[in-house]
Amino acid sequence: MKTLLTGAAVALLLSSAAIHANDSVITETGKPDQWAIQTGDYANTRYSELDQINRDNVGDLRVAWSFSTGVLRGHEGGPLVIGDIMYVHTPFPNKIFALDLANDGKILWRYEPQQNPEVIAVMCCDTVYRGVAYADGMIISHQADTTLVALDAMTGEVKWQVKTGDPAIGETNTATVLPAGDKVIVGVSGGEYGVRGRVTAYNLADGSEAWKAYSTGPDAEMLVDPENTMVLGKPIGADSSLNSWEGDQWKIGGGTTWGWYSYDPELNLVYYGTGNPSTWNPSQRPGDNKWSMTIMARDADTGMAKWFYQMTPHDEWDFDGVNEMILTDQDVDGTPRKLLTHFDRNGLAYTLDRETGELLVAEKYDPAVNWTSGVDMDPNSENYGRPAVVAEYSTEQNGEDTNSTGICPAALGTKDQQPAAFSPKTNLFYVPTNHVCMDYEPFRVAYTAGQPYVGATLAMYPAPESHGGMGNFIAWDNVAGEIKWSLPEQFSVWSGALATAGDVVFYGTLEGYLKAIDAETGEELYRFKTPSGIIGNVMTYVSGGKQYIGVLSGVGGWAGIGLAAGLTNPNDGLGAVGGYAALSDYTELGGQLTVFELPGGGDAAAAEAPAADTAAAPAEGEAPAEGEAPASN
Amino acid sequence: MQHTGSLAVLALGLVMAGPLLAQTSGEEETIPAPTANDQPADLAEGQTVLPNGMDITADYMENGRWYNADGIPTFKNNDDEVDYAVFSGYRRYHAECHVCHGPDGEGSTYAPALKTSVLNMDYYDFMEIVASGKQDVNASANQVMPAFGTNKNVWCYIDDIYVYLLVRGTDTIARGRPAKRAEKSPEFTAQEDACMSG
Chain Y
1350 MKTLLTGAAV ALLLSSAAIH ANDSVITETG KPDQWAIQTG DYANTRYSEL
1400 DQINRDNVGD LRVAWSFSTG VLRGHEGGPL VIGDIMYVHT PFPNKIFALD
1450 LANDGKILWR YEPQQNPEVI AVMCCDTVYR GVAYADGMII SHQADTTLVA
1500 LDAMTGEVKW QVKTGDPAIG ETNTATVLPA GDKVIVGVSG GEYGVRGRVT
1550 AYNLADGSEA WKAYSTGPDA EMLVDPENTM VLGKPIGADS SLNSWEGDQW
1600 KIGGGTTWGW YSYDPELNLV YYGTGNPSTW NPSQRPGDNK WSMTIMARDA
1650 DTGMAKWFYQ MTPHDEWDFD GVNEMILTDQ DVDGTPRKLL THFDRNGLAY
1700 TLDRETGELL VAEKYDPAVN WTSGVDMDPN SENYGRPAVV AEYSTEQNGE
1750 DTNSTGICPA ALGTKDQQPA AFSPKTNLFY VPTNHVCMDY EPFRVAYTAG
1800 QPYVGATLAM YPAPESHGGM GNFIAWDNVA GEIKWSLPEQ FSVWSGALAT
1850 AGDVVFYGTL EGYLKAIDAE TGEELYRFKT PSGIIGNVMT YVSGGKQYIG
1900 VLSGVGGWAG IGLAAGLTNP NDGLGAVGGY AALSDYTELG GQLTVFELPG
1950 GGDAAAAEAP AADTAAAPAE GEAPAEGEAP ASN
Chain V
1099 MQHTGSLAVL ALGLVMAGPL LAQTSGEEET IPAPTANDQP ADLAEGQTVL
1149 PNGMDITADY MENGRWYNAD GIPTFKNNDD EVDYAVFSGY RRYHAECHVC
1199 HGPDGEGSTY APALKTSVLN MDYYDFMEIV ASGKQDVNAS ANQVMPAFGT
1249 NKNVWCYIDD IYVYLLVRGT DTIARGRPAK RAEKSPEFTA QEDACMSG
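So the sequence lines, in the order shown, correspond to chains Y and V. Counting from 1350, one number per residue, gives the positions in the first sequence under the numbering used here. Counting from 1099, one number per residue, gives the positions in the second sequence under the numbering used here.
Note that these hints are calculated values from the structure, not bench results. Please note: incorrect hints may appear among the correct ones.
Claimed, not checked - The calculated label-pair distances, taken between Cβ atoms and stated as ranges, are:
(1) 1284/V x 1814/Y: 39 to 49 Å
(2) 1831/Y x 1288/V: 53 to 63 Å
(3) 1284/V x 1574/Y: 52 to 62 Å
(4) 1230/V x 1948/Y: 49 to 59 Å
(5) 1506/Y x 1236/V: 23 to 33 Å
(6) 1278/V x 1461/Y: 47 to 57 Å
(7) 1230/V x 1510/Y: 25 to 35 Å
To be verified - In silico SDA-like pairs for lysine to any residue, Cα to Cα no more than 25 Å straight-line:
(8) 1278/V x 1793/Y
(9) 1278/V x 1749/Y
(10) 1600/Y x 1517/Y
(11) 1512/Y x 1235/V
(12) 1282/V x 1748/Y
(13) 1250/V x 1517/Y
(14) 1600/Y x 1295/V
(15) 1232/V x 1796/Y
(16) 1250/V x 1796/Y
(17) 1600/Y x 1296/V
(18) 1282/V x 1795/Y
Just so you know, even glycine gets a beta-carbon here, dropped at the ideal spot from N, CA and C.
All chains should be built: construct the whole structure from the sequences, respecting the hints.
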């Protein structure tokens, strides 16, 4: 049986040589019973076809089992499920556990890398890690210290490892990786340390470097073709980045790549966004600072840039552009379009044609957003695609050593990395958001390699004249550019959403609640308070014929830093001391996976499937054949 | 361009002294847990001695910054107007420290509330930890504070950050940006420029 399977898989791999996509990822993400990639699918929709748990019965949800990771601090990302194995990761020290779902969650193997704890000192905002990836029978982990390691998915044995960055100069990793084609694409963190952002592709077979594309600098190092790389329908031209910086500032100019990655196998394009330009003091870096704050579309095989769109030229507020790009095929004005939807930190939700980079929609997804009066949508305008900056909230125009007050959103953005979900049943996006504003004062800083390079001080507080909370969970129409409904939340919603065919949307809250809401109306259907605040992303899978919902608890991350002691509004005037809700009044550190189920055996006879001695998950170096997953249906 | 903020050349001298003096500190409770347990010290009206034994009474000003009789940086506010070093410390704290230690010295989910640490910890111990860093890595903790001794954005302002935290720990000013501040003195500016460009 095993031999046969291996033979079939080899044939599959051989036949796929001419195809661009990574067959194993496409195969595994194509099985609704699994959660085979952090983002749910290559398109980053975080949508599941599973519907055992639905809007009529989700109120009966209960905890099925739980698992402590043994690590405190912020738990972002979520577990994968491939076949009968669940892979759970942790923040630094980036442990990985393989749990046998067919054998009561027994730990099949665990992996704990040796990392120099000094790396923690150069991680700006907690030791978070947004999870492992699966490809070709391997679990691929990109550790805090930028070690990229490929493990045998069945045994945990190290197949290869390679260093992708240098923590001594502030280069670290918090993001997951994207397996695409025969490569795995990785980013880098460290925008607050003057790190020069880039993405690097490594060959899945042996970890050798395939290509590297910087966010800033000479065209050749950015893998940009002056004639054929497009920006809003026009060629990008020569030296587009160098011309947008003063002197050599681009070398320590940020544009890091710590967000999510999506992939369109048909177009063979990888999509991601770049982070803030360094420093946070805009006066120290005149120019548009290209290509920080940019949506990038690149060929997965070569890294060559197909198109760019810079959302926030010459950032003045730390609005990193790294949030996820969600790929959907929808009708616009009656015409089917290949769309890319992106909820940026800057408070604007963008809808673009993902083939050409044409800008279709750019609208505020929180009415509080005030730094811009909107994006110039006239293709004939010289400011086409640029946001109009409101002078009052321009930290550049107000200048160094001036405190600009009342800017919305705050530096953490209307949304940070916490990913949204899309349901093709409702054609709505479900977006976890922040509802926080700030005062921002930039000032001069010196650069020291491996040291923070910030150059601004800021105070954050809940959006004034609103509901007093620091977050919302919204439903967004990406074609109309409108909020459909909005649920106020006491704290920023820092958990990735999940939408399912059961007409339910799930998300976690910083107090620790897992919430289920009606996908149409937003009506709350269920909540359960987990042991710690949730900044992880909700996922779902089927095991033994029964649907489960899983989420990591473990408060931390940027949310845990900013909100632990609560916020105050310095503009409330004298006497308004004490301010707003403190997260520390609601939750504590933790590190736990909680898995939910409906009572009973599920709707399949296989609910009590006999426990296998070895989990029937993908074997070493092979893609499991279709239908091999024992838990299907 | 001109720097604003505050001064620091003197801090460099103190840094030299810091590690020597701090050698004896051993394993004492210098870093309280970042929770509601570490309440600010409740100084009675007129009381000027902190739990760590430091008298916060300002004695003299040098180069635009206040010191107590023992030569340790302290503050001298004028009602709700903070001295310039406190304001400078507010600004630098929120650029360099708050990404771990939370806003206003209040602590985060994992890093201690420094506004309390400075009440219980000796000034020289504080300086040593900022200069050299601190590690608490074991089965239950992964806490690592970087060494800032070579970072001018921190070192040129470390005494300002210190007095800002004193002000916060003693609840002398409320959370948030100080509403009013004294003017920046030419001496202060001169020291700052010397430190940042030195």
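Hint check:
no. : hint                        : result
1   : 1284/V x 1814/Y: 39 to 49 Å : holds (42 Å)
2   : 1831/Y x 1288/V: 53 to 63 Å : holds (56 Å)
3   : 1284/V x 1574/Y: 52 to 62 Å : holds (54 Å)
4   : 1230/V x 1948/Y: 49 to 59 Å : holds (56 Å)
5   : 1506/Y x 1236/V: 23 to 33 Å : holds (27 Å)
6   : 1278/V x 1461/Y: 47 to 57 Å : holds (52 Å)
7   : 1230/V x 1510/Y: 25 to 35 Å : holds (31 Å)
8   : 1278/V x 1793/Y             : holds (21 Å)
9   : 1278/V x 1749/Y             : holds (18 Å)
10  : 1600/Y x 1517/Y             : holds (16 Å)
11  : 1512/Y x 1235/V             : holds (23 Å)
12  : 1282/V x 1748/Y             : holds (18 Å)
13  : 1250/V x 1517/Y             : holds (17 Å)
14  : 1600/Y x 1295/V             : holds (21 Å)
15  : 1232/V x 1796/Y             : holds (22 Å)
16  : 1250/V x 1796/Y             : holds (8 Å)
17  : 1600/Y x 1296/V             : holds (23 Å)
18  : 1282/V x 1795/Y             : holds (20 Å)
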